[in-house]
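Novice: Top to bottom, those sequences are chains A and B.
Take the first sequence: its letter number 107 is residue 107 in this note's numbering, and every next letter is one higher.
Take the second sequence: its letter number 152 is residue 152 in this note's numbering, and every next letter is one higher.
Hints may contain errors.
To be verified - Simulated crosslink set (EDC-like; lysine to aspartate or glutamate; CA at most 20 Å straight-line): (1) A:Lys98 x A:Glu82; (2) B:Lys44 x A:Glu201; (3) A:Lys193 x B:Glu77; (4) A:Lys162 x B:Glu47; (5) B:Lys37 x A:Asp129; (6) B:Lys123 x A:Asp190; (7) B:Lys37 x A:Glu181; (8) B:Lys37 x A:Asp189; (9) B:Lys44 x A:Glu181; (10) B:Lys44 x A:Asp189; (11) B:Lys33 x A:Asp129; (12) A:Lys193 x B:Glu47; (13) B:Lys103 x B:Glu122; (14) A:Lys165 x B:Glu47; (15) B:Lys87 x B:Glu77; (16) B:Lys33 x A:Glu201; (17) A:Lys202 x B:Glu47; (18) A:Lys124 x B:Glu77; (19) B:Lys87 x B:Glu99; (20) B:Lys33 x A:Glu181; (21) B:Lys48 x A:Asp129; (22) A:Lys176 x B:Glu99; (23) B:Lys44 x A:Asp129; (24) B:Lys101 x A:Glu201; (25) B:Lys48 x A:Asp190; (26) A:Lys202 x A:Asp189; (27) B:Lys101 x B:Asp91.
Everything labelled a hint here was simulated from the structure, so no lab data went into it.
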Amino acid sequence: MTSKINTYKHFTSIFLLIFSLFIGLSSNLAASEPVEHAATEAHVEADAHAKAHDPNAPVDITAIALEHVADAHSWHLWGEGEGSVALPLPVILYSSTKGLQVFSSARFEHGHAAYNGYKLEEEKIISEDAAESFYDISITKNVAQMLFSALLIFVLFTSIAKSYKLHGVTSAPRGKQSFFEPLITFVRDDIAKGNIGHGSEKFVPYLLTIFFMILINNVFGMIPIGANLTGNIAFTLVLSIATLIVTNINGNKNYWSHIFLPHAPKAIWPILIPIEIVGILTKPFALMIRLFANMTAGHIIVISLIGLIFVFKSIYIAPVSIAFALFIDVLECLVAFLQAYVFTMLTALFIGTAVADHHEEGGHHEDDVAVKH
Amino acid sequence: MNLFILASLIEPAVGLIFWTTITFVLLLVLLGKFAWKPILNAIKTREKGIEDALASAENALNDMRELKSNNEKILAEARAERDNLLKEARDTKEVMIAEAKSKAQADADRILSSAREQINNEKNAAVAELKNQVATLSIEIAEKILRSELSNDEKQKALVNNLMKDVNLN
Numbered sequence: 001m002t003s004k005i006n007t008y009k010h011f012t013s014i015f016l017l018i019f020s021l022f023i024g025l026s027s028n029l030a031a032s033e034p035v036e037h038a039a040t041e042a043h044v045e046a047d048a049h050a051k052a053h054d055p056n057a058p059v060d061i062t063a064i065a066l067e068h069v070a071d072a073h074s075w076h077l078w079g080e081g082e083g084s085v086a087l088p089l090p091v092i093l094y095s096s097t098k099g100l101q102v103f104s105s106a107r108f109e110h111g112h113a114a115y116n117g118y119k120l121e122e123e124k125i126i127s128e129d130a131a132e133s134f135y136d137i138s139i140t141k142n143v144a145q146m147l148f149s150a151l152l153i154f155v156l157f158t159s160i161a162k163s164y165k166l167h168g169v170t171s172a173p174r175g176k177q178s179f180f181e182p183l184i185t186f187v188r189d190d191i192a193k194g195n196i197g198h199g200s201e202k203f204v205p206y207l208l209t210i211f212f213m214i215l216i217n218n219v220f221g222m223i224p225i226g227a228n229l230t231g232n233i234a235f236t237l238v239l240s241i242a243t244l245i246v247t248n249i250n251g252n253k254n255y256w257s258h259i260f261l262p263h264a265p266k267a268i269w270p271i272l273i274p275i276e277i278v279g280i281l282t283k284p285f286a287l288m289i290r291l292f293a294n295m296t297a298g299h300i301i302v303i304s305l306i307g308l309i310f311v312f313k314s315i316y317i318a319p320v321s322i323a324f325a326l327f328i329d330v331l332e333c334l335v336a337f338l339q340a341y342v343f344t345m346l347t348a349l350f351i352g353t354a355v356a357d358h359h360e361e362g363g364h365h366e367d368d369v370a371v372k373h
Numbered sequence: 001m002n003l004f005i006l007a008s009l010i011e012p013a014v015g016l017i018f019w020t021t022i023t024f025v026l027l028l029v030l031l032g033k034f035a036w037k038p039i040l041n042a043i044k045t046r047e048k049g050i051e052d053a054l055a056s057a058e059n060a061l062n063d064m065r066e067l068k069s070n071n072e073k074i075l076a077e078a079r080a081e082r083d084n085l086l087k088e089a090r091d092t093k094e095v096m097i098a099e100a101k102s103k104a105q106a107d108a109d110r111i112l113s114s115a116r117e118q119i120n121n122e123k124n125a126a127v128a129e130l131k132n133q134v135a136t137l138s139i140e141i142a143e144k145i146l147r148s149e150l151s152n153d154e155k156q157k158a159l160v161n162n163l164m165k166d167v168n169l170n
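Can you make the complete structure from the sequences, with help from the hints?
Specialist: This is the structure:
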C-alpha cells in the first residue's frame, strides 16, 4: 500500500516537474515575443516590475513555483513585488577577512541594495569581491522555522512529560497526551520494536525525535506561509547522515562481516564488497532524496495547479484548479504523516539490520524495500 | 534562470546544514533527557500497571470462582449433613419407639404372667381351703349322722340288717 502511494508520488512529481517546466518555458517564449527581451539578469527585475503592472503580461509559474519551495532570507507573508509584506530575518556571515557579521536582511532592500560589500541575488548572498570566500550561516526562513519547530517540540513534549508527573500514570491520558501518546507508542512498538526487535529501547528516543521533527515540519510546510523545510535537501541530508552514523556505530559483527566477508564465492568478492560498501551510503541517500522529493513535489504540484489559472488567463479554470489543489492538499496531509513514518520506519529498519543478532540474508531484502518506497 | 533555481534546489546550503546539525543534536539530547525518558517511563509504568491490574482482576475472578465453588461445596455438604441428621433422627426415633414398644410389651407380658400366676396360686389356695373345710364339714356331718343313727339298738339292728341285705354272699 505504502510503496504504491510512493511510486505514484514519484511518478506524479516527475511528471509535474516536467509539466511545470514546459509551461514555464512556453510562457517565457510568449514573453519574449511582444516585449523587447533583455538577456542580462539585471533586467529581469525590470521585467518583473513591468509584469506586476501589466495584468496581461504572462506569469513565470516555474520561477514562482521554484521560489516557493526554495529557502529565503526573509519570511514572505503576502503581496507581490513592491507591495509584498515580508519579515526580514538576520543575516549571519563568516568570512576569513571580515570575521563574523550579523545584520538584518532588510538592508538588502529585496536585492536592490548592497550592504557591507554583499548583495542578494536570487535569494543568495554573494560578495562584490569575487576573491572573498565566506560562509553564509544566516537564519533563513527554513532555519527560523526549524528553530521554532524545535522549540515547539521541546515545549510540547516536556509539558506532556510534566503532565505524566502531575497526574500520575494511573489516570487516563488527557489533552495533548491523548493525541501524542498513541503516536509515541506507535513509534515505540510498531516502528522500533517491529524493525529492530530485541534492544530497540535504546533507539526509541532517536526515532521519536526524527519522527516528530519531520512530522511537525511537514505539517508546517503545508500551512500557506510556512517554510518548506522538510523539502529542503540540506535538512534531509543532515537527518540521513544522522541515520548513517547511528546505523554504523551500532553495527555489530554480523553487520560488518556481511559487508566485508559476504557469503559468496571468494571470486566475486571484489565485486560484492564495493557494492556492499556503496550500499551503506545508498540507504541514507535514498532517505534523503525520498523525503526531499516527496515534500517538494507536493508543493510544486499545488502551486502548478493554481498557476494554471494564470497560464490560461481564465477565471473559468479556477474551480478545476482549486478542486485539484484541494485534492492534492488532502493527499499532502496524508503524505506529511506517511513520509514521517517512512523515514522513521526505514531508519529503524537500517538500524535493525545493523544490530540483528542472528545472521540472515536480510540485507538485500531491506534494500529492495527501500527501493520500492 | 530556471535551471539556476532548480540547481539551487538540490544543492544543500551550508547555513541550513550548520543550523540543522546544531538544532537536531541539541533537540535529540534535550528531548532524550527531559521528554522521552519520563514519557516512555510513564507509559511503561502505566502499561505495567494495566497489565498488573488485569492480572489481579483475573486472579480475583478466579478466586471468586473458587470461592463460589467452595461455597457450593460447603452448601452441598451442609445439605447432605442436614439430610443425614434428619435421617439419623428419624431412625433414632423409630428405634426408640420400637424399643419402648417392645419394652412395654415385655412389661405388660411380665405383669400379666405374674398376675396369672398369683391368681392361680390364690385359686389353688382357695381350692385347698375349700377342700379342707368340706372334709371337716363332711366329718362333722358324718359324726352327727352316725351319732343319730346309732343312738338306740333298734336303729343299730336295722342298719345291720340293711347292710346285710346288700351283702350278697355268693
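Novice: Okay, which hints does this one fail, numbers in order?
Specialist: 1, 3, 5, 6, 11, 13, 18, 21, 22, 23 and 24
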